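Here the protein sequences come in this chain order: A and B.
Going by our numbering, the first sequence opens with residue 1, and the numbers climb by one from there.
Going by our numbering, the second sequence opens with residue 1001, and the numbers climb by one from there.
I should point out that these hints are in silico values taken from the structure, not numbers from a laboratory.
All figures in this text were calculated on a predicted structure; none of them were measured in a lab.
Keep in mind that a hint or two might mislead.
No more than 30 angstroms apart at the CA atoms, straight line, and that leaves these computed lysine-lysine pairs for DSS-like [unchecked claim]:
(1) Lys-1431/B <-> Lys-7/A
(2) Lys-1528/B <-> Lys-33/A
(3) Lys-7/A <-> Lys-1074/B
(4) Lys-2/A <-> Lys-1437/B
(5) Lys-7/A <-> Lys-1854/B
(6) Lys-2/A <-> Lys-1432/B
(7) Lys-1050/B <-> Lys-1372/B
(8) Lys-7/A <-> Lys-1435/B
(9) Lys-1103/B <-> Lys-1064/B
(10) Lys-1103/B <-> Lys-1129/B
(11) Lys-1291/B <-> Lys-1319/B
(12) Lys-1435/B <-> Lys-2/A
(13) Lys-1134/B <-> Lys-1233/B
(14) Lys-7/A <-> Lys-1432/B
(15) Lys-1854/B <-> Lys-1372/B
(16) Lys-1593/B <-> Lys-1528/B
(17) Lys-1372/B <-> Lys-1437/B
(18) Lys-58/A <-> Lys-1233/B
(19) Lys-1338/B <-> Lys-1304/B
(20) Lys-1593/B <-> Lys-1641/B
(21) Lys-1320/B <-> Lys-1338/B
(22) Lys-33/A <-> Lys-1508/B
(23) Lys-1435/B <-> Lys-1074/B
(24) Lys-1291/B <-> Lys-1435/B
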Amino acid sequence: MKICGPKLSLCGLIISVWGIFQLVLMGIFYYVKSIALSEDLPGVESEGGFESPEDFYKIADRGYIQNAYNCWIAACLYIFTLVISGHQFYVNSRSSMNM
Amino acid sequence: MGSFFRSEKMFLCQLFIQPEAAYSSVAELGEAGSVQFRDLNADVNAFQRKFVNEVRRCDELERKLRYVEAEINKENLHIPEIEDLPNAPNPREITDLETSLEKTENEILELSQNAVNLKSNFLELTELKYVLEKTEVFFTEQEGINGTDSLTRALITEDSSAQATNIRGRLGFVAGVVPRERVPAFERMLWRISRGNVFLRQAELDQPLEDPSTGNQIYKTVFAAFFQGEQLKSRVKKVCTGFHASLYPCPSATTEREEMVKGVRTRLEDLNMVLNQTQDHRHRVLVSVAKELQNCMVMVRKMKAIYHTLNMFNLDVTKKCLIAECWVPVRDLAGVRKALAEGGRASGSSIPSFLNVIETSEGSPTFNRTNKFTRGFQNLIDSYGVSSYREVNPALYTIITFPFLFAIMFGDAGHGLILTAFGLYMVIEEKKLMKQKSDSEIWNIFFAGRYIILLMGIFSVYTGFIYNDIFSRSLNIFGSSWTIDGYNISDIQGNAELTLSPYTNFAKFDASPYPVGLDPVWQAATNKIIFLNSYKMKLSIIFGVAHMIFGVCLSVVNHIHFKKSINIILEFVPQILFLLLLFAYMVAMMFIKWVIYYPQETVDCNNETVTCTQDVLDVIRYGPSCAPSVLILFINMMLFKSSPPTGIGCQEFMFDGQDVIQTAFVVVAVLCIPVLLLAKPLYLLCCGRSKKSEHTSENGDVNQGLELTPEMVDTPSPSPAHAEHNEGDNAVGEIFILQGIHTIEYILSTISHTASYLRLWALSLAHAQLSEVLWTMVLSIGLTGSADGDAQSYVVGSILLYVLFAAWAGLTLAILVMMEGLSAFLHTLRLHWVEFMSKFYEGAGYVFQPFSFKIILEGEDVVED
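Next up, chain B with everything else stripped away, as it sits in the complex:
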């Protein structure tokens, strides 16, 4: 757990690996997943790198696998998920994999090609069958007319009938199929080119036909165009090709047509059988491939990742070994050494690979080891900015402060219970839910933050009990501490509202306050909001100031760790003094006011006719009517003003000597500002020189370390990114400007941030009021329905309650839990990012991205989804 306090210590290491052992070593490191390689060939074009051919081969393999996967998906086959991922294959196995994949791909390609051919054949035959069947109708109609014609004609004269048949004999026709949406245009075109001399008959096909190459369903229409003359025939044919109509030979004689239909039918049946067999075969092939697919995919991806990493390595001048540079967390160093040894053994190389730690002043990546519980909180922090290397990690404190500040705004035990139930469901069913990967982005966000939601829910239940709010109703568990006294029946009957005085109804009976949270009597009070506002405002300022003081204190840990102890005196002390003397003092005044003022038996001394003795005045001095406003006291303190006490017997201040203390506090706090502004730049100016000399000696160390290992001297200098940052060279003006900005920012922000914590009160007020309104506007109607007391009113009342409860529950979920929850979440996030973290957090680091097969494979899965 110590690692979560700040990011882990990292080493920059050089790996010297024999070329023959390189592949297996990197494979081992990828399995271990604790090393971030640096690109040593950043200036080299991607195509000029050493293993570019291998990467290309892997790419090609991946393409083939994707094609096969697409084919399998087309067939709606299930690709089995593999439980244990295979290791990266040997470099020699790549050829085997290539040949087997090549074979599979060709087989599938051939099968698909065959299927397309067969299908287009099938389509043609089906169309021909339809043409023959449908045109049958046209011809019978035609012949029917012909027949009657000739019969009637024959009765009159032989000659004219012969003439008629003569004319009809020259009537030609073409028959075919055209897509249905083109029919109107087709018809018009035919009519135009023939000036109305073409006679078109058409019949729609009821069943859609399948396009062989795309598999789309197309609706088509059978047509037969009758015309006269050869010229018109060629024109009609041209139009047909223009409209992508397929023409089919159609004999004009009925008997021939019948025979043809028969022939087509038998051929269709044969073809169907062949098609089914091809389909079966294809299915079998794909099923067998599907079993292996995921395995191959993982292997190829791993191989590609390895070669990609190898491309980042440098070749030694003697070409005897590969040199890699990488960041390794110190805790994983042993594991990396073991992986290297393992890799060397696997490749049978005689010379072991070795690892050399190099000293560097370069910024290391930030690595916070997280588990499933802390990951969500770390993500909250990282989305603001990845912490600088070895800086205090605020995520640790966020685990408690985040849900707590959220709960202050979301304080309602009922809504908290809903949130807890939701979070608990996700945590308990974690494994099951993790397996069924969901595409829904919102669900994934909720699921990633399941522990945050659970904690937020639990804390909300707690604050709900403190506010005594459960769905905006109060629980009277311990019995209210207030007693109704001094009113008789006529008072109650005559007045809509009666005052309960803290003395006569509470303190007089020596009552102790309600044990936990707010006294339930407040639910019935008309001044509940006024009371709660003052209570919650004070709470939010108290928590806010505590939160900020904690943030400022954390900067001490940073100063000590980064060996800038002088900053504690020059920066931290004036900062914390400013905060403590002004705002922590205000918080202290709140507590003093709560403690020393207590309900007393009062006499109205402001009245002229009453004379009060000193004893009475002493009692009144600490009574509720004399309690001064903390805010007014604070404003007067800042402005060095004074205001008269609230009444006779009261005093302006809470305790003796308060005015002197206050003046001293303000003066010291104001004096902190110039200290903050000038002390550090002046110190840097004085001591700048000594710092510079320290720095150069550090540089010498690095070189010395390199000289100890003779092979390494020849290696080209690791990377251009090695530039040293020179703190001492900053110009004087720049230092002053920077410090000025920091000072102004800090001073102004302490004031504005304190005010900003009032959002805790504002949101909690809004939440409580909204849930109250929802109860009275919706559920109350169902409860106060009818007062008749007969059976009918029970039926009506309960059904009304049944319906309104569902509406109330839905609205509660949508508005109070979802919407208010999101807004409270956002405000909490802001309070952490801005008000808390600005006090100590730099966030200028970059995240440690280890070379790990697990991350690579998971990442690709996400992209595919």
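With the rest of the complex left out, here is chain A:
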């Protein structure tokens, strides 16, 4: 079954390989609470500030864990994309061989 052409499937292949590598790594870095990624946490920019440091750490830790899982889920989605575009690439290369 052919859905996308050779160029789109190649593009999907490259982006998903890149995505899997980067998102898995980013997930690990979020999981170990890397400071470099602390700017992109959900919830830490809240309006009223925080009552106490413990409060802040609670929110930040939750954000780290959530982002780690988000990254890993997105990486899984890219594995799915990789499989689809790999299949499409295979189909395309076979059909061009037949011609």
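Could you slot chain B onto chain A? The hints should help.
Quick look at chain B alone, frame taken from chain A:
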């Protein structure tokens, strides 16, 4: 590798070849591909040359081969590529080749002609068949009306019906086929000429018909025009021919028509069979030709190239031998001798050909032997200007400096990795990619520069680690050397920003700096850009000045090689002094500032109420608050000005006696300018005479060399291009003007070029900021999505991340890698061409173009594509 330092040594040689051995010798030389022939008959018209007939025959052969190739392509047949190229054929074989090609061409021509005839026949029959089939409908309708008419009429009166048939009997018609796009005009024309008395019926053909000669698909319409009277008939026929309508006889009786259709159908079937057989035959012929085609093509091209080269040769007066002049790289001389011997043996000639090296002062071509790795870099240099003969070749240094300066601007490990992956792919798959020749110009450019791209990628990864940037995020591999100290919780809660002092947060703990590159703490700092600007600006000036000093030093190698050692004193020394005393001194100040100033425990002595003891002041003297600005110091040095120190306890200069040294430096540097301006012209004026006499003795040498070989004296003087260049005759004024221009250019350019290296900082700043913006504007949104923590937020968050990551990756590739990469590449190219090469490079040479079959065949392939 020694040859890459400067272009190879060349000899101008004369070849004496027996006419019967000439062809095979040149064929051998073409295979070897290391000789550039000079045209000795430049003033002779192309049609008056010796081998013009042979060239023409080859041209004719080539034309035939191209025709056959076009026919094969029309048939969509694959022309097999040949692995090993055949040698140039014997001159005798040309006739065999001619006859066999003639035969093939005629066969194909005949077949095509036959096919066209058969096809037009087929077309006519098909059209006739359609006419008969379609008009059938018109007639049945007509007769239907007729029938009912006569029936009703007959009931009333016999007489009128007879009259009616009488009238109808004289109704004539023509039937035919006309191209569909002409139908409306055709219809209108018929209506006009008959004043509406012609009745036109038409039916469109569903299937397109094939034009026999062009093979185009044409849509046509069957028509039948009914009219009354002979005059109208002839008019209608004229209109039909005018509209290129083909008319077909169509009997009016139904039975006759049916029979005719049957006949046409059987004829069509027969014709179809014949057509298929011709097609098969043609296919077979073309397949067999296709196997040999590439082989023939190569042979004919080689033969043509040989005769073309032979046309450049001179004939000896005794007509006993051909004389050729050529440039040969010294390293290939033995190979050329061997090729000549080989050629002589192949032709069975008794007298060997021989080679005579002639001394010449004429400009030799520049030949840098390259391999697949160095070719890309050599091309970068050659596109600015081919280096003069035996001049220092900057391509050697470009291999490292080019990727490095690029990487300074493109410093991001993530983007560098992408570039490396791309370059690595092209290098590893090199052989496979080389085979599938691509038409895409952009791809070919990338592929030709694959090693440059690979090196640029690797160097960018390195600078990325130094800048600690990977997709604009920092890596904290070794742990930041800064410690947060002196702030309590309320400070952190009360302030949006807090200052980390170099002393209290770094030096107090005896911390050593971050081992590699930038400390990751800077990523979170709001003054990151301010810090990076000063750091990167200094870096670019340091690298720029080093690059320029290196360029100026390379000119020494040129001076020594061209035996102009006096230029070292008169030109190089003042040039390098100027550069060193002003700009290298500025670089030195940067290093001094980095080394001697260090974070100290400070007391604010500027405050009136505090009294500082001498001990404290000594400490403060080398503290960060007292570090003077290098730029201000440099400007003051040039203007002989002084500015007060920045605060109490500070000093204007970094070390004692700096002001004296600076004044001395400026004075010496300024004194270099008149030396540069006047020394060389004055020297030339004084010593001009002795140089001239040297020159004439050199001329005598050439003549002597010629007289040693008696046969050669008779030969006409090699070429008008032998003119000697006379350096000594230049007018005094001209020398002064030239030197003046050079001096002004050098002095001004050292200043402007130093500033020009700041583009290294500017582009790297732009790159870092752009990638930062892309991260915060695109990927951040996906990361900071929702904070609920329930299952739904995971689903939404991860899908958002999935989509935004794809967008971020696409934009990263398009903007940061492609666009920024290209702009950094261009700026690097400029830094090399203008800032670096202007210091020593003349670039007035011309490139060595050897007579080589390989280059000729490859070149033609490119033209065909």
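Quick rundown of the hints versus the structure:
1. Lys-1431/B <-> Lys-7/A: 22 angstroms, holds
2. Lys-1528/B <-> Lys-33/A: Holds. Lys-1528/B to Lys-33/A sits at ~22 angstroms (cutoff 30 angstroms).
3. Lys-7/A <-> Lys-1074/B: 28 angstroms, holds
4. Lys-2/A <-> Lys-1437/B: It holds: about 27 angstroms lies between the C-alpha atoms, which stays within 30 angstroms.
5. Lys-7/A <-> Lys-1854/B: 34 angstroms, violated
6. Lys-2/A <-> Lys-1432/B: 27 angstroms, holds
7. Lys-1050/B <-> Lys-1372/B: 39 angstroms, violated
8. Lys-7/A <-> Lys-1435/B: Status holds; Cα separation ~21 angstroms.
9. Lys-1103/B <-> Lys-1064/B: Between Lys-1103/B and Lys-1064/B the Cα gap is close to 11 angstroms, so the pair holds against 30 angstroms.
10. Lys-1103/B <-> Lys-1129/B: 38 angstroms, violated
11. Lys-1291/B <-> Lys-1319/B: Cα-Cα ~42 angstroms, so violated.
12. Lys-1435/B <-> Lys-2/A: Status holds; Cα separation ~28 angstroms.
13. Lys-1134/B <-> Lys-1233/B: Distance of about 21 angstroms is within 30 angstroms: holds.
14. Lys-7/A <-> Lys-1432/B: It holds: about 19 angstroms lies between the C-alpha atoms, which stays within 30 angstroms.
15. Lys-1854/B <-> Lys-1372/B: 16 angstroms, holds
16. Lys-1593/B <-> Lys-1528/B: Holds, at about 20 angstroms.
17. Lys-1372/B <-> Lys-1437/B: 17 angstroms, holds
18. Lys-58/A <-> Lys-1233/B: The hint is violated at about 102 angstroms.
19. Lys-1338/B <-> Lys-1304/B: 23 angstroms, holds
20. Lys-1593/B <-> Lys-1641/B: Between Lys-1593/B and Lys-1641/B the Cα gap is close to 20 angstroms, so the pair holds against 30 angstroms.
21. Lys-1320/B <-> Lys-1338/B: With a Cα-Cα distance of about 22 angstroms, the restraint between Lys-1320/B and Lys-1338/B holds, given a limit of 30 angstroms.
22. Lys-33/A <-> Lys-1508/B: 28 angstroms, holds
23. Lys-1435/B <-> Lys-1074/B: Since the Cα atoms of Lys-1435/B and Lys-1074/B sit roughly 24 angstroms apart, the hinted pair holds (cutoff 30 angstroms).
24. Lys-1291/B <-> Lys-1435/B: 19 angstroms, holds
In this structure, the hints that do not hold are numbers 5, 7, 10, 11 and 18, in rising order.
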